[in-house]
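Number of protein chains: 4
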Amino acid sequence: MANISHRKARTIISKTLAKGREMGLKPLSVVVLDAGGHVIAFEREDGASPGRFEIARGKAYGAVMLGMPGSAQMARAEQQTYFMAAVNGVYGGQVIPVPGGILVMDKRDNVIGAVGVTGDTSDNDAEAGMAGIEAAGLIGSA
Amino acid sequence: MANISHRKARTIISKTLAKGREMGLKPLSVVVLDAGGHVIAFEREDGASPGRFEIARGKAYGAVMLGMPGSAQMARAEQQTYFMAAVNGVYGGQVIPVPGGILVMDKRDNVIGAVGVTGDTSDNDAEAGMAGIEAAGLIGSA
Amino acid sequence: MANISHRKARTIISKTLAKGREMGLKPLSVVVLDAGGHVIAFEREDGASPGRFEIARGKAYGAVMLGMPGSAQMARAEQQTYFMAAVNGVYGGQVIPVPGGILVMDKRDNVIGAVGVTGDTSDNDAEAGMAGIEAAGLIGSA
Amino acid sequence: MANISHRKARTIISKTLAKGREMGLKPLSVVVLDAGGHVIAFEREDGASPGRFEIARGKAYGAVMLGMPGSAQMARAEQQTYFMAAVNGVYGGQVIPVPGGILVMDKRDNVIGAVGVTGDTSDNDAEAGMAGIEAAGLIGSA
Numbered sequence: 002m003a004n005i006s007h008r009k010a011r012t013i014i015s016k017t018l019a020k021g022r023e024m025g026l027k028p029l030s031v032v033v034l035d036a037g038g039h040v041i042a043f044e045r046e047d048g049a050s051p052g053r054f055e056i057a058r059g060k061a062y063g064a065v066m067l068g069m070p071g072s073a074q075m076a077r078a079e080q081q082t083y084f085m086a087a088v089n090g091v092y093g094g095q096v097i098p099v100p101g102g103i104l105v106m107d108k109r110d111n112v113i114g115a116v117g118v119t120g121d122t123s124d125n126d127a128e129a130g131m132a133g134i135e136a137a138g139l140i141g142s143a
Numbered sequence: 002m003a004n005i006s007h008r009k010a011r012t013i014i015s016k017t018l019a020k021g022r023e024m025g026l027k028p029l030s031v032v033v034l035d036a037g038g039h040v041i042a043f044e045r046e047d048g049a050s051p052g053r054f055e056i057a058r059g060k061a062y063g064a065v066m067l068g069m070p071g072s073a074q075m076a077r078a079e080q081q082t083y084f085m086a087a088v089n090g091v092y093g094g095q096v097i098p099v100p101g102g103i104l105v106m107d108k109r110d111n112v113i114g115a116v117g118v119t120g121d122t123s124d125n126d127a128e129a130g131m132a133g134i135e136a137a138g139l140i141g142s143a
Numbered sequence: 002m003a004n005i006s007h008r009k010a011r012t013i014i015s016k017t018l019a020k021g022r023e024m025g026l027k028p029l030s031v032v033v034l035d036a037g038g039h040v041i042a043f044e045r046e047d048g049a050s051p052g053r054f055e056i057a058r059g060k061a062y063g064a065v066m067l068g069m070p071g072s073a074q075m076a077r078a079e080q081q082t083y084f085m086a087a088v089n090g091v092y093g094g095q096v097i098p099v100p101g102g103i104l105v106m107d108k109r110d111n112v113i114g115a116v117g118v119t120g121d122t123s124d125n126d127a128e129a130g131m132a133g134i135e136a137a138g139l140i141g142s143a
Numbered sequence: 002m003a004n005i006s007h008r009k010a011r012t013i014i015s016k017t018l019a020k021g022r023e024m025g026l027k028p029l030s031v032v033v034l035d036a037g038g039h040v041i042a043f044e045r046e047d048g049a050s051p052g053r054f055e056i057a058r059g060k061a062y063g064a065v066m067l068g069m070p071g072s073a074q075m076a077r078a079e080q081q082t083y084f085m086a087a088v089n090g091v092y093g094g095q096v097i098p099v100p101g102g103i104l105v106m107d108k109r110d111n112v113i114g115a116v117g118v119t120g121d122t123s124d125n126d127a128e129a130g131m132a133g134i135e136a137a138g139l140i141g142s143a
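Protein chains in written order, with my numbering: chain A, 2 to 143; chain B, 2 to 143; chain C, 2 to 143; chain D, 2 to 143.
None of these hints come from the bench; they were simulated from the model.
Don't take every hint at face value.
As the list claims (entries may be wrong) - Mimicking DSS-like on lysine-lysine, the simulated pairs with C-alpha atoms at most 30 Å apart in a straight line are: (1) B:Lys16 - C:Lys16; (2) A:Lys108 - A:Lys16; (3) B:Lys27 - C:Lys27; (4) D:Lys108 - D:Lys16; (5) C:Lys27 - C:Lys16; (6) A:Lys27 - B:Lys108; (7) B:Lys16 - C:Lys27; (8) D:Lys27 - D:Lys16; (9) C:Lys27 - D:Lys108; (10) A:Lys16 - D:Lys16; (11) B:Lys108 - B:Lys16; (12) C:Lys108 - C:Lys16; (13) D:Lys108 - B:Lys108; (14) D:Lys27 - A:Lys16; (15) A:Lys27 - D:Lys16; (16) B:Lys27 - B:Lys16.
Said to hold, decoys possible - If you want the footprint, here are the derived chain D segments under chain C, 3+ residues with CB under 8 Å: (17) 33–47; (18) 72–86; (19) 91–101.
Idealized CB from N, CA, C, for every residue including glycine.
Using the sequences provided together with the hints, build the complete structure.
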């Protein structure tokens, strides 16, 4: 199974931040998790609030642990709120089910990790993250 | 970037309590957190219930970690309940998203901390806290 | 049962800090808990590290919950380490068994709360706290 | 009081990793926390074990919350084990008291954050981290 390398993780983050600046977004924070949900890299831009790491990781963690991008988790949360609340419980409170949590796949469609973006609106967070993933030559599912 | 000094924290608290008495509120409890969400000072008035520290801190903690005053967190909680519930999870259950959690800024608009007030209605808590912050020469966002 | 009033709690803290300055100590942090172990008041001096609230409260919390001043807890921790470690476990990790956690009694020897002091050496912390308690007309057991 | 900017955090990490390669160390993981103990940036090199983020952060977190570099925490843990175990408790299990947790100061000796390095021996971790901090024009205390 392929992984997201340290180098690619850094590219994802720097290109996501660049996209955010291009879109004129608020300061962003971006995390890259591996296929097991563990942190490979993270960056918080100046001016972002101090708790953004936990939000970014929460978005990415739910995505990789469930195999569900943020948009799908949000749809589930709206239809069956007690399920996503319970999911959050079994993961020790570490899941944030909204856009900005993006699954990352390799060319063969294997999930190789997830990216979490936070700082602007959820939809803008997701758009910036997709740009970062694509710039790294990978495929994202938001 | 400035911090809230020990002296200013004490002024915020004493002036918030004074405002509460002037408004005829129930016994108040007031906490002041620094820009990293850590406690600088706290006071609970006689007659307040024993668990007020945690409530006051929960209001202030969410504000500083997210960069969102209590009123904005409450609006988010009402529109997208599962999001604020999840946010509470990633912060270890330490966030209470209602008015009374007030961001504190310096004259250059940097967030330098937060104040949490509890004891009366959330709106009255917020009003008393804003008075305390302004009396200390700082700017509050409730 | 008597309690430590808000006013007396403030006196304990301000006099403890004054003693610390008189002794030339590092910046101190002081918490006052009620007889149920709940926070009445706290102050952290400028220059103290951000995590001092948790240390101060840990010292005071063990004292009031066990009815044992910090010196006694430390003696127990040294003689029977697994016991104090287990005690810490049942209290959710909230007990720090060293000097600086001081029981507060009224004139009839009832425990009415506890004070936790941190910032310098444990013995100096305890000495400053005892001065604060005595200045408030109460009796301390360190 | 100054902060560690996003740019400086990135420099600290890249120079720490470069030092590690120069020293021939195992794959390193490096975190930079701000003065409140919140994550600014992190990178895990290829080949490092998946749980390195938590170890790196644990080293840095204890340093900034207590104002004690890793070497000092380790000395305390060796003299008074139950104290550091209890400290770990009050910080929710987030403290790892060994070398590799380095306080970062500005030119006026204010603590502006901490760096946590893990992956090789603690002493080598600390040496690499000190090089990264110095390359960013800041002062480290290991």
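Comparing the hints with the structure gives:
With a C-alpha separation of about 21 Å, the suggested pair Lys16 (chain B) and Lys16 (chain C) falls inside the 30 Å cut-off, and the hint holds. For the given pair, Lys108 (chain A) sits about 20 Å from Lys16 (chain A) by alpha-carbon distance, which is consistent with the 30 Å threshold. Between Lys27 (chain B) and Lys27 (chain C), the direct Cα distance comes to roughly 37 Å. Violation of the 30 Å bound is thereby established for this hinted pair. Between Lys108 (chain D) and Lys16 (chain D), the direct Cα distance comes to roughly 20 Å. Compliance with the 30 Å bound is thereby established for this hinted pair.
Only pairs whose Cα atoms come within 30 Å are accepted, and Lys27 (chain C) paired with Lys16 (chain C) is accepted, the gap being roughly 15 Å. About 20 Å separates the Cα atoms of Lys27 (chain A) and Lys108 (chain B), which keeps this hinted pair within 30 Å; it holds. At roughly 28 Å between alpha-carbon atoms, Lys16 (chain B) and Lys27 (chain C) fall within 30 Å of each other, so this suggested pair holds. With a C-alpha separation of about 15 Å, the suggested pair Lys27 (chain D) and Lys16 (chain D) falls inside the 30 Å cut-off, and the hint holds.
Of the supplied pair hints, the one linking Lys27 (chain C) and Lys108 (chain D) holds, its CA atoms being roughly 20 Å apart against a limit of 30 Å. For the suggested pair Lys16 (chain A) and Lys16 (chain D), the alpha carbons sit about 21 Å apart, so the restraint of at most 30 Å is met. With a C-alpha separation of about 20 Å, the suggested pairing of Lys108 (chain B) with Lys16 (chain B) holds against the 30 Å cut-off. Taking the CA atoms of Lys108 (chain C) and Lys16 (chain C), the gap is near 20 Å; set against the 30 Å cutoff, the hint holds.
Distance hint between Lys108 (chain D) and Lys108 (chain B) is fulfilled; the C-alpha atoms sit about 24 Å from each other, no more than 30 Å. At most 30 Å may separate the alpha-carbon atoms for a hinted pair to count; Lys27 (chain D) and Lys16 (chain A) meet this at roughly 28 Å. A threshold of 30 Å between alpha carbons decides the hint, and for Lys27 (chain A) with Lys16 (chain D) the separation of about 28 Å falls inside it, so the pair holds. Taking the CA atoms of Lys27 (chain B) and Lys16 (chain B), the gap is about 15 Å. The hint holds against a cut of 30 Å.
Look at the stretch 33–47 of chain D against chain C: 3 of its residues bring a Cβ nearer than 8 Å to a Cβ of that chain, three or more, so the hint holds. Counting residues of the stretch 72–86 of chain D whose C-beta sits closer than 8 Å to any C-beta of chain C gives 5, which meets the bar of three, so the coverage hint holds. Beta-carbon proximity to chain C at under 8 Å applies to 4 residues in the stretch 91–101 of chain D; the threshold of 3 is reached and the given coverage holds.
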